[in-house]
Amino acid sequence: MMIRPFLYDFRRTITSKSVLILTGIILLISLAIIPFTAPVVSSFGGSSSPDILYYRDPGAYHFIVFSSDQYSQPVQGTEISMKLSGTQTQTYANSSTTNSAGYAFITLSAPNGTYYWTVNATRGGSSSSLSTYLYSSPPIGQPQFQYTSWISTVQDRANASKSDVRTFYAGLYGAKPLGYSIRYKVAATPPLPPYKDDTPYTEGQMDLLGNLTDYRQVFDPAIPNGLSETTRVYFELFASNGTAVSGRQMFVTDLRHQQFRPEATNVASFFFSTILSFFMPLAAILGAYSSYGKDRLTGVLESVLARPISRRGLAISRFLSTLTALAVAAIASVGIVDLLLNQVLGSALPQDYALAIISGLVVEVAAFTGLIFLLSHLVKSTGVLLGISIVLFVVLDFFWGLIVFLLTLLLGGTSGSAVAVEATLVSYYANPAQFLQLINVYVFQSSSGFALQSSNYGVTLPAIILDGLLWTILPFLAFMYLAVKRD
Amino acid sequence: MFEIKAATKVFSAKQGPAISSVSFDVRNGEIVGFVGLNGAGKTTTIRIAVGVSLPTSGTVLIDGHDITQEKPEASKSIGWVPEIPNFEPNAKAWKLMRYLAGFYGMDGREATKESKELLASVGLSGFENRKFRTYSQGMKKRFALAASMLSNPQNFLFDEVLNGLDPEGIQFFRQLMMGQKKVKKAILLSSHILTEVENLADRVIFIHKGKVVKTTTRDELASYASKGTTLRIQLQSVTDEAVSYLKTLGKVQLDGNAIVLSDFQGDSAQVNSELVKRGFQVREIKHERTGLEEYFFDIIRSTDPAK
Chain A
0 MMIRPFLYDF RRTITSKSVL ILTGIILLIS LAIIPFTAPV VSSFGGSSSP
50 DILYYRDPGA YHFIVFSSDQ YSQPVQGTEI SMKLSGTQTQ TYANSSTTNS
100 AGYAFITLSA PNGTYYWTVN ATRGGSSSSL STYLYSSPPI GQPQFQYTSW
150 ISTVQDRANA SKSDVRTFYA GLYGAKPLGY SIRYKVAATP PLPPYKDDTP
200 YTEGQMDLLG NLTDYRQVFD PAIPNGLSET TRVYFELFAS NGTAVSGRQM
250 FVTDLRHQQF RPEATNVASF FFSTILSFFM PLAAILGAYS SYGKDRLTGV
300 LESVLARPIS RRGLAISRFL STLTALAVAA IASVGIVDLL LNQVLGSALP
350 QDYALAIISG LVVEVAAFTG LIFLLSHLVK STGVLLGISI VLFVVLDFFW
400 GLIVFLLTLL LGGTSGSAVA VEATLVSYYA NPAQFLQLIN VYVFQSSSGF
450 ALQSSNYGVT LPAIILDGLL WTILPFLAFM YLAVKRD
Chain B
0 MFEIKAATKV FSAKQGPAIS SVSFDVRNGE IVGFVGLNGA GKTTTIRIAV
50 GVSLPTSGTV LIDGHDITQE KPEASKSIGW VPEIPNFEPN AKAWKLMRYL
100 AGFYGMDGRE ATKESKELLA SVGLSGFENR KFRTYSQGMK KRFALAASML
150 SNPQNFLFDE VLNGLDPEGI QFFRQLMMGQ KKVKKAILLS SHILTEVENL
200 ADRVIFIHKG KVVKTTTRDE LASYASKGTT LRIQLQSVTD EAVSYLKTLG
250 KVQLDGNAIV LSDFQGDSAQ VNSELVKRGF QVREIKHERT GLEEYFFDII
300 RSTDPAK
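Here the protein sequences line up with chains A and B, keeping their order. If you count by numbering that gives the first Met the number 0, then the first sequence holds residues 0 to 486, one letter each, in order. If you count by numbering that gives the first Met the number 0, then the second sequence holds residues 0 to 306, one letter each, in order.
Don't read these hints as lab results, they were simulated from the structure. All of these numbers come straight from a predicted model, not from anything done at the bench. Cβ coordinates follow ideal geometry from the N, Cα and C atoms, glycine included. Accuracy of the hints is not assured; some may be wrong.
Restraint ranges, calculated between C-beta atoms of paired labels, are given here [to be verified]:
1) A:Gly23 x B:Lys94: 47 to 53 angstroms
2) B:Lys94 x A:Leu405: 48 to 54 angstroms
3) A:Asp351 x B:Asp65: 48 to 54 angstroms
Once the Cα atoms are required to be at most 27 angstroms apart in a straight line, the calculated BS3-like pairs of lysine-lysine come out as [said to hold, decoys possible]:
4) A:Lys379 x A:Lys293
5) B:Lys94 x A:Lys293
6) B:Lys213 x B:Lys180
7) B:Lys91 x A:Lys16
8) B:Lys94 x A:Lys16
9) A:Lys379 x B:Lys139
10) A:Lys16 x B:Lys139
11) A:Lys484 x B:Lys210
12) A:Lys379 x B:Lys130
13) B:Lys208 x A:Lys379
14) A:Lys16 x B:Lys115
15) B:Lys13 x A:Lys484
16) A:Lys293 x B:Lys250
In silico negatives: residues of chain A with every beta carbon more than 12 angstroms from chain B [said to hold, decoys possible]:
17) Thr36
18) Phe218
19) Glu301
Could you build all of it, start to finish, from the sequences and the hints given here?
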């Protein structure tokens, strides 16, 4: 191979208009990280509707209503009217007014059955109305919730920048829930589902928030400062014998109004594995098409091949120049992101993580560039090449998750099951567009926000390196064989 | 000079070889005509010779360099003008030429100068800033010619360059080839315009169904041409007397009301006046084939009776 024509073609390709435009676009895309570095401000919704729970005994439905303000403080004098309409023509109605503790107790002497239930609450000049079906045969004496959760957030009275949690619960037959306790756990990366009762933790692993002494209570959980916005808080109601009764998970942003400064690595991880990882295959496809595929399939490449350059030299120079341009763009992109994160969030990316991301992006670019170069030798027209390239991009970048999900279902797995997680992680190996996801799983030991031991699913450093090498080398070698040995 | 040695190209095993054991050489200072019917294998042979297509077997030596094994060295000595020049369509001509010049080691300034000079030399002055796709077929061929001359190569391969050219274009290429021959360049000219080949070529290689069936020198062609041309004579009625007279002028074959007079040497006008003088009503006399055409079809017939 004469080096001069090779270097000349390399230089010309890397500085070609199309490659430079693509490089510029990638660098511009890097700036798209800026919105993700903005502090997260949580906002809470409010409700003027009263909290209601009910239980059934053999002859009637009993409703406990609590009317409150935004701080969950009781409001006296709210008029509550309630009606149960049966499937026939029977209706059962009653009304009451909340007492000084905010409660109203209404009994409707309706037998067991399915009813259309309407509630009107009037307080001052405003009123609210609710309606839904109550289905037959709820367990006798057990508290039931229709509109209301047993736990929800309310604004803290003293500090508008945070929320407390309010519980609304009853014991059997409407007794006060004495003996029940509520516990909570703050978790940055929770373990993988499925969970028993919506909470992955046992009583011993959770902190006591308080004991229930009334139907409605307000608690102020201790939430540390500086958590990422993806941190979750798990709540669990325990009976006096330690049995978990009901669980609920919230994001920490549901509880704290304060601005959450995103973590640099989290922002970078999201940005690289979703946004840049989405565009890099597209850039590689377009770059490979413009620098090689189009020229080869229109015959223009022959006008170059007739010059003093070997077939091997021309093939390598076109591949390497495309790869180099996009790899440099990827490196620059990581640099820009790092710089921005450092400026805005005050923390730079860990060096080894930045290197891992760069390696991942280079693998993606090399794989897609190699595949398009290879396809250029397998199809007969630019239209077919573009068509297949678009299909490749759409399938590998857009529909991969769906395909894996459907395969999981075929294998008998369900969403969130161990089979689904394993299938997803294995699928990352088979798809160069998901290579960064693989790296993220390994680096963060988590997938989709859930903690896992990546090695249990075959995600190990040697396997990732091997996969990266295979995606980098195999399409290129197949392309080189056809470029050098075939017309 | 360049040599093609036993070049075979198989595109598809089902279709058989496109060319089979094609061997010939083109020496310095020589124009060699390359003649064959459509699909005979001329373009395939030339594409292999310039290195844009790979031979299934065989070798091509360009000034001693194997086009497959030592392509960069070999390609320096080749100028190729394809039948349909295909360059980057959206590039301006002079920029395209400058880009191609870079492959020959020219720096930017030298490449620009050389490009503009070459474009001027092929008559494209004033059109340098136009995009290649806006060029006419003739201009594209002139551009390809200029591109083929970038390294002042020793060997030229012209593939149907005269097709689609106007008389001025044909004359331009004819003069160019004669000029290159004078400076001892080796030239292979593939063409359907056999009279041009006949006039220009020192030798003519005939290819048919992928095989070289004959190589003829200019002397052999001249000798064949001296055997005469073929006249097709239409008389009002063909008589023995007319046939007897015409047999004194050459070989006679009857074809309905027409008499085909081959191996005729002389002036067709004289034949006409003599026939009229002898009382025959002559409806038409026309030259059917001459020289190379006749020779070509003779060769085709001898190798492929179906033709």
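Now the hints, each set against the structure:
Judged by the Cβ atoms, the range 47 to 53 angstroms given for A:Gly23 and B:Lys94 is violated: they are separated by roughly 21 angstroms. At roughly 51 angstroms, the beta-carbon separation of B:Lys94 and A:Leu405 lies within the given 48 to 54 angstroms, and the hint holds. The given range of 48 to 54 angstroms is respected by A:Asp351 and B:Asp65, whose C-beta atoms sit roughly 50 angstroms from each other. Between A:Lys379 and A:Lys293 the CA atoms are separated by roughly 11 angstroms; this keeps the pair inside 27 angstroms, and the hint holds.
In summary, the hint linking B:Lys94 to A:Lys293 is supported, as the alpha carbons are separated by about 19 angstroms, within the 27 angstroms threshold. A C-alpha spacing of about 23 angstroms is found between B:Lys213 and B:Lys180, which places the hinted pair at or below 27 angstroms, so the restraint holds. A hinted pair counts as satisfied when its Cα atoms are at most 27 angstroms apart, and B:Lys91 with A:Lys16 qualifies at roughly 14 angstroms. In summary, the hint linking B:Lys94 to A:Lys16 is supported, as the alpha carbons are separated by about 13 angstroms, within the 27 angstroms threshold.
A distance of roughly 24 angstroms separates the Cα atoms of A:Lys379 and B:Lys139; the hinted pair therefore holds under the 27 angstroms criterion. Using a Cα cut-off of 27 angstroms, the hinted pair A:Lys16 and B:Lys139 holds, with the two alpha carbons roughly 24 angstroms apart. In summary, the hint linking A:Lys484 to B:Lys210 is supported, as the alpha carbons are separated by about 24 angstroms, within the 27 angstroms threshold. Pair hint A:Lys379 plus B:Lys130 holds up; C-alpha atoms about 26 angstroms apart against a cutoff of 27 angstroms.
Between B:Lys208 and A:Lys379 the CA atoms are separated by roughly 25 angstroms; this keeps the pair inside 27 angstroms, and the hint holds. Between A:Lys16 and B:Lys115, the direct Cα distance comes to roughly 23 angstroms. Compliance with the 27 angstroms bound is thereby established for this hinted pair. As the CA atoms of B:Lys13 and A:Lys484 are separated by approximately 20 angstroms, the hinted pair is consistent with the 27 angstroms bound. At most 27 angstroms may separate the alpha-carbon atoms for a hinted pair to count; A:Lys293 and B:Lys250 exceed this at roughly 58 angstroms.
Every beta carbon of chain B lies more than 12 angstroms from that of A:Thr36, the smallest distance being close to 40 angstroms; the non-interface claim holds. With 12 angstroms as the threshold on Cβ separation, the claim that A:Phe218 sits away from chain B holds: the shortest Cβ distance comes to roughly 70 angstroms. Distance check for A:Glu301 against chain B: the nearest CB is about 4 angstroms away, which does not clear 12 angstroms, and the non-interface claim fails.
In summary, the structure is inconsistent with hints 1, 16, 19 from the numbered list given earlier, while agreeing with the others.
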